[in-house]
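Asker: The chain contents come next:
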Amino acid sequence: MKSQRMTWPAFDPIPLSVTDVTLERGGFRLISGLSLNVEPGEALVLLGRNGVGKTTFLRALSGVLRPASGHIFYGDRTAIKAAPSVCAFLGHDNALKPDESPRQSLQFWSALSGLEAAVPAAMEQMGLKALADRPARRLSQGQKRRSALARMQVQNRPVWLLDEPAAPLDSDGRDRLSAAVTSHRNRGGLVIAATHQALDWPGARVQELTR
Amino acid sequence: MRAGAVFLREARLAFAGGGGPAAPAAFFIASLTLAPLAIGQSPATLQAAGPGVICFAALLAVLQGAEKLFGEDVADGTLEAYGLSGLPMSVIAVAKVLGSAIATLWPLPLVGLGGGIAFGLPVEAAGLLALALAAAIPGLAFLVAIAAALSAGARRGGLVIALIAAPLAIPLMVFTASAGRAAAIGDAAAGANLLLTCAVSLFLTALSPFAISAALKARLE
Numbered sequence: 001m002k003s004q005r006m007t008w009p010a011f012d013p014i015p016l017s018v019t020d021v022t023l024e025r026g027g028f029r030l031i032s033g034l035s036l037n038v039e040p041g042e043a044l045v046l047l048g049r050n051g052v053g054k055t056t057f058l059r060a061l062s063g064v065l066r067p068a069s070g071h072i073f074y075g076d077r078t079a080i081k082a083a084p085s086v087c088a089f090l091g092h093d094n095a096l097k098p099d100e101s102p103r104q105s106l107q108f109w110s111a112l113s114g115l116e117a118a119v120p121a122a123m124e125q126m127g128l129k130a131l132a133d134r135p136a137r138r139l140s141q142g143q144k145r146r147s148a149l150a151r152m153q154v155q156n157r158p159v160w161l162l163d164e165p166a167a168p169l170d171s172d173g174r175d176r177l178s179a180a181v182t183s184h185r186n187r188g189g190l191v192i193a194a195t196h197q198a199l200d201w202p203g204a205r206v207q208e209l210t211r
Numbered sequence: 001m002r003a004g005a006v007f008l009r010e011a012r013l014a015f016a017g018g019g020g021p022a023a024p025a026a027f028f029i030a031s032l033t034l035a036p037l038a039i040g041q042s043p044a045t046l047q048a049a050g051p052g053v054i055c056f057a058a059l060l061a062v063l064q065g066a067e068k069l070f071g072e073d074v075a076d077g078t079l080e081a082y083g084l085s086g087l088p089m090s091v092i093a094v095a096k097v098l099g100s101a102i103a104t105l106w107p108l109p110l111v112g113l114g115g116g117i118a119f120g121l122p123v124e125a126a127g128l129l130a131l132a133l134a135a136a137i138p139g140l141a142f143l144v145a146i147a148a149a150l151s152a153g154a155r156r157g158g159l160v161i162a163l164i165a166a167p168l169a170i171p172l173m174v175f176t177a178s179a180g181r182a183a184a185i186g187d188a189a190a191g192a193n194l195l196l197t198c199a200v201s202l203f204l205t206a207l208s209p210f211a212i213s214a215a216l217k218a219r220l221e
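So the sequence lines, in the order shown, correspond to chains A and B.
With this note's numbering applied, the first sequence closes on residue 211, and no number is skipped along the way.
With this note's numbering applied, the second sequence closes on residue 221, and no number is skipped along the way.
Wrong hints could be hidden among the right ones.
[What the hints assert, rightly or not] What the simulated footprint calls covered on chain B by chain A, stretch by stretch (three residues with Cβ under 8 angstroms from a Cβ of chain A suffice, anywhere in the stretch; the number is not a length): (1) 9-17; (2) 67-81; (3) 85-91.
Hints listed in this document are in silico derivations from the structure and should not be mistaken for laboratory results.
Quantities reported herein were computed from a predicted structural model and do not represent experimental measurements.
We put the beta carbon where it would ideally sit given N, CA and C, even for glycine.
My request is simple: use the sequences and hints to build the entire structure.
Answerer: Laid out in structure tokens, this is it:
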């Protein structure tokens, strides 16, 4: 069978700017006075120990958590307004249903918000071809993660927010993740990843989060 | 149509993981079979109690799948992804509730018809009761969904669902059962009660999506 060649369309350039943001969770101040900028085509890796507020920060970037003070903007719109149209979020959980196969899941998410034509290419990139029709309850943790990463691709959003993206991945999976991040950046996308372990992404900026 | 994708997925998952309409129908039939053993076998008693027992058992049948409705989406990260889908949460709520209700609850009026006849109602009265049940089920599904959204992700969610759904279900219980009872004695109030059932059900269907949306957004924060 001929392998599908997919040309991914370029994104409108949307920079992220975070100005003097303070975040609180359940009365605890987790992050105070954080400022940073991420330009289109850039990747930012946020390193930090467990509990330092990485996930909370990603949730603020995804617009579900309102900062106690400070501003988060995508272009000229606030995160709360812009996130539902510019962000794709990969949390700790993979948003897979036990009875749904990777193919069904990708077809659903791309139909809901994304590029339906990208499903075969995303499955190919994440090495899901042989697993395409296996229900998620019979996938390993790493295979589930790859399926969730393929969902990020078909959702076709310029901003990727990744929470511990590589945690359950083996070396092949990490290579695929790294390649996906690179091709996403080449389209003008942004990648912000929170992790407690180093990610060897070429050209990624690393910033340490501390208390 | 993007909401259609949510609707179809919900209906498909109801069959893939939950056995589709089997669970609510079995729950409904089991309650209707056991009720006469508890109430007593006198035909007059059964006929008088029938419409009420049938409505109440239908409510229980709708409630039994409630915890899964939003609980699973919270637990597996789907709700976060829905929040970023660009579709309003209220639209997602409507699509989800309709998808799962249509896939799982469609046998209930039929079971109610059979139950009404088995409890000794005249056939026309059982038919009207089944019609009232069919009218009530969208309202029941949506009010149970409000409770499910409020309790999603909470420990002992089932308890919270029962406590929230019970008071919301009062008008539908009253009007649906009254429609059946009035029809059984040939009272003209049966038609009025059927219309009131429709009205309450429509009211709940129209307003619940906003309540569900608010509850789910609060859960995301």
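Asker: For every hint, state whether the structure bears it out.
Answerer: Hint by hint, here is what the structure shows:
1. 9-17: holds (count 5)
2. 67-81: Held - the region 67-81 of chain B has 7 residues with a Cβ nearer than 8 angstroms to chain A, which meets the minimum of three.
3. 85-91: Coverage by chain A holds for the region 85-91 of chain B (3 residues, Cβ < 8 angstroms).
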